[in-house]
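Fit chain D to the supplied structure of chain A, relying on the hints for placement.
In the order they appear, the protein sequences are chains A and D. Per our numbering: the first sequence = residues -7 to 370. Per our numbering: the second sequence = residues -7 to 370.
Honestly, the hints are just simulated from the structure, not real lab data. Careful: at least some of the hints might be erroneous.
Pairs count within a copy or across copies, as identical chains cannot be separated in the list.
To be verified - EDC-like, lysine to aspartate or glutamate: derived pairs with alpha carbons at most 20 Å apart: (1) Lys367 with Asp148; (2) Lys288 with Asp113; (3) Lys123 with Asp234; (4) Lys360 with Asp148; (5) Lys288 with Glu69; (6) Lys164 with Asp302; (7) Lys167 with Asp302; (8) Lys(-4) with Glu194; (9) Lys367 with Glu341; (10) Lys249 with Asp178; (11) Lys367 with Glu107; (12) Lys367 with Asp302; (13) Lys8 with Glu230; (14) Lys100 with Asp113; (15) Lys249 with Glu107.
Residue-level listing of the chains:
2 protein chains.
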Amino acid sequence: MVNKFFTLEHVNDGGKARAGRILTDHGEIQTPIFMPVGTQGTVKTLPPRDLLDAGAQIILGNTYHLYLRPGDQLIRETGGLHRFISWQRPILTDSGGYQVFSLADLRKLTDEGVEFQSHFDGSKHLFTPEKVIEIERNLGADIVMVLDECTAYPCDFEYAKKSHLRTLEWAKRSKEFMRENSPVHDYQQFLFGIVQGSTYDELRRESVEGLTGIGFDGYAIGGLAVGEPKTEMFELTEICCDHLPEDQPRYLMGIGKPEDLVESIGLGVDMFDCVIPTRNGRNGQVFTRNGVLTVKNAEYRNDHNPIDEDCSCYSCRNFSRAYIRHLFHAGEVLGLQLASLHNVHYYLELVRNARRAIQENRYQNWTKEFYQQYKTNQ
Amino acid sequence: MVNKFFTLEHVNDGGKARAGRILTDHGEIQTPIFMPVGTQGTVKTLPPRDLLDAGAQIILGNTYHLYLRPGDQLIRETGGLHRFISWQRPILTDSGGYQVFSLADLRKLTDEGVEFQSHFDGSKHLFTPEKVIEIERNLGADIVMVLDECTAYPCDFEYAKKSHLRTLEWAKRSKEFMRENSPVHDYQQFLFGIVQGSTYDELRRESVEGLTGIGFDGYAIGGLAVGEPKTEMFELTEICCDHLPEDQPRYLMGIGKPEDLVESIGLGVDMFDCVIPTRNGRNGQVFTRNGVLTVKNAEYRNDHNPIDEDCSCYSCRNFSRAYIRHLFHAGEVLGLQLASLHNVHYYLELVRNARRAIQENRYQNWTKEFYQQYKTNQ
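Next comes chain A alone, as it looks inside the complex (with noise of 0.2 Å):
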């Protein structure tokens, strides 16, 4: 008998929040759990040791960024994605189709695939459902993505439709690809399919019920997060979370602030992505119990408290406000380093407490209590 892939363990009492569990080959996850990307096969300034130490279950690989380089043959070779940036946990790889819209050049897109040009150097290149299920075997990442088309906002109804119906096919046509093809390495994949449809309840309800009919051990919700109000991003992902399967795993993708995190797990999703604790980090931009500080401010020249005295992180339990500062005026390294291991460990302590409160139904009061001393910056 095979271990299940995902356990819900408890639904909070009168409420959506979900705690669970998540069994991969590379060990458990346990949601909601937010994932620190790493988009070349590096989570940003931070060796492995870093992660495991800010709590880092499993982390995010691009596959459009590994594919054009080092390139997926060469991982495939190291014994895969863990072996290569020597991560033994669980790791997550896109499907690459975000990038190709965002970052590649000269997209051609077909009922076939999309066609693009490296943003590297301009070599031509084709992701199909299939080339992309290819790729992420070599790769060889716990859970892989289908590859989808990521619609921008505002995106007009019949676009839309249009989108995701080609998302679909591309979906069953990735798990095809996937059941034909073993894994390359030794140890299981799992399988996502994304939901798409825009800012439309219908295209998004015709795009949960398409995906759950073709069935995927988890299910992810796309295309948010790309310009529309957060009030409809939130009422969007609620649509999705309320179709999808009570007993597989949601992951909204791409997401977000800690807030977005508090009300999306609010609404029963399970997973997350997002590069904001890195990135703000290197521009010098923090987070704390209280909200966020940007350390590098002249403010802070003469504080010698850590960024959150509350923080048990390695920056936090052994330099000030003050030496952080110093280090971003002087232009050091180690001054990116600290401020995104505290962000990271900042977003999983988040994670870790949304959960605690989930198990002991109090959720609800949870999310109240962040927000009285969460100050958002609107």
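Leaving out everything else, chain D in the frame of chain A:
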């Protein structure tokens, strides 16, 4: 009875290489030792825990840089440099003299001191021997250096003589000021004089005589590796070592490549500092038992071996040359970190091995073995 600052433990039979111990209030240093350079309050790219991991026993801070940014007053308020940068082991600060002559603009040198403009903002400053000690008291390193003039190469005899006499005079004033002004922080600081005299044996001997006449806790050999031929550098180092007191530590400033350390330890040097391991690491150049390699080169694209198979550092235990090359090509900070960490580890292992060889009276043989394996790129 106060513990001795320096204990000469052993001199290699029939040679000059020495093993010893330096005791400070922040712990012991086993010599010969290499000191990683933390110019602006951080050894570039390496958090303190990585330095400990690499076996660092003492690190350097640059008085010139720290005085200008973030300022010695700020560091004084924090409780000293150890606390500011979260490094609890010994620290040495240079006098800033070298940086004034190599980095600052519009220097005006008089017997009083040296006036210069900050290379950051053009602001005007005056370093006198007394001012430098005052700054170093504020910073609070365990070992502090006197202000000296480091002459350029070549340097005519007349100027070299005048300059080293002024450096001697400054050394005397430094010691006096140090005696008159107690430590700011609650631990002892030791003062080193700096031997100058350019490439003139006679002046070097005069300088040693003058400094030992004043009396310091240790002696540095300055003004070398400024362009003179290597053979001359070693001859001058030997002359200095031969005339310096046996029972005090000798520090060869700013040197050097692994083979320079091996040679100089053989001449009786105890302490070294150099930016080579970190600077070259950031350029993708790494040190191995077999010599230097440029890990970002194309030939390592598919090389799944660690930088050095026999190395036990974090980088070599976990990552391949192919991965580190990828990080350099992708512009990822982690590449700089892994290469720097390995190089610092390499240097510290080199001096650990040298120390062991000395203790076992086989330094000459060990030197031969080093050269048999290590291919220098002349």
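Name the hints, by number, that the structure is in violation of.
1, 3, 4, 6, 7, 8, 10, 11 and 15
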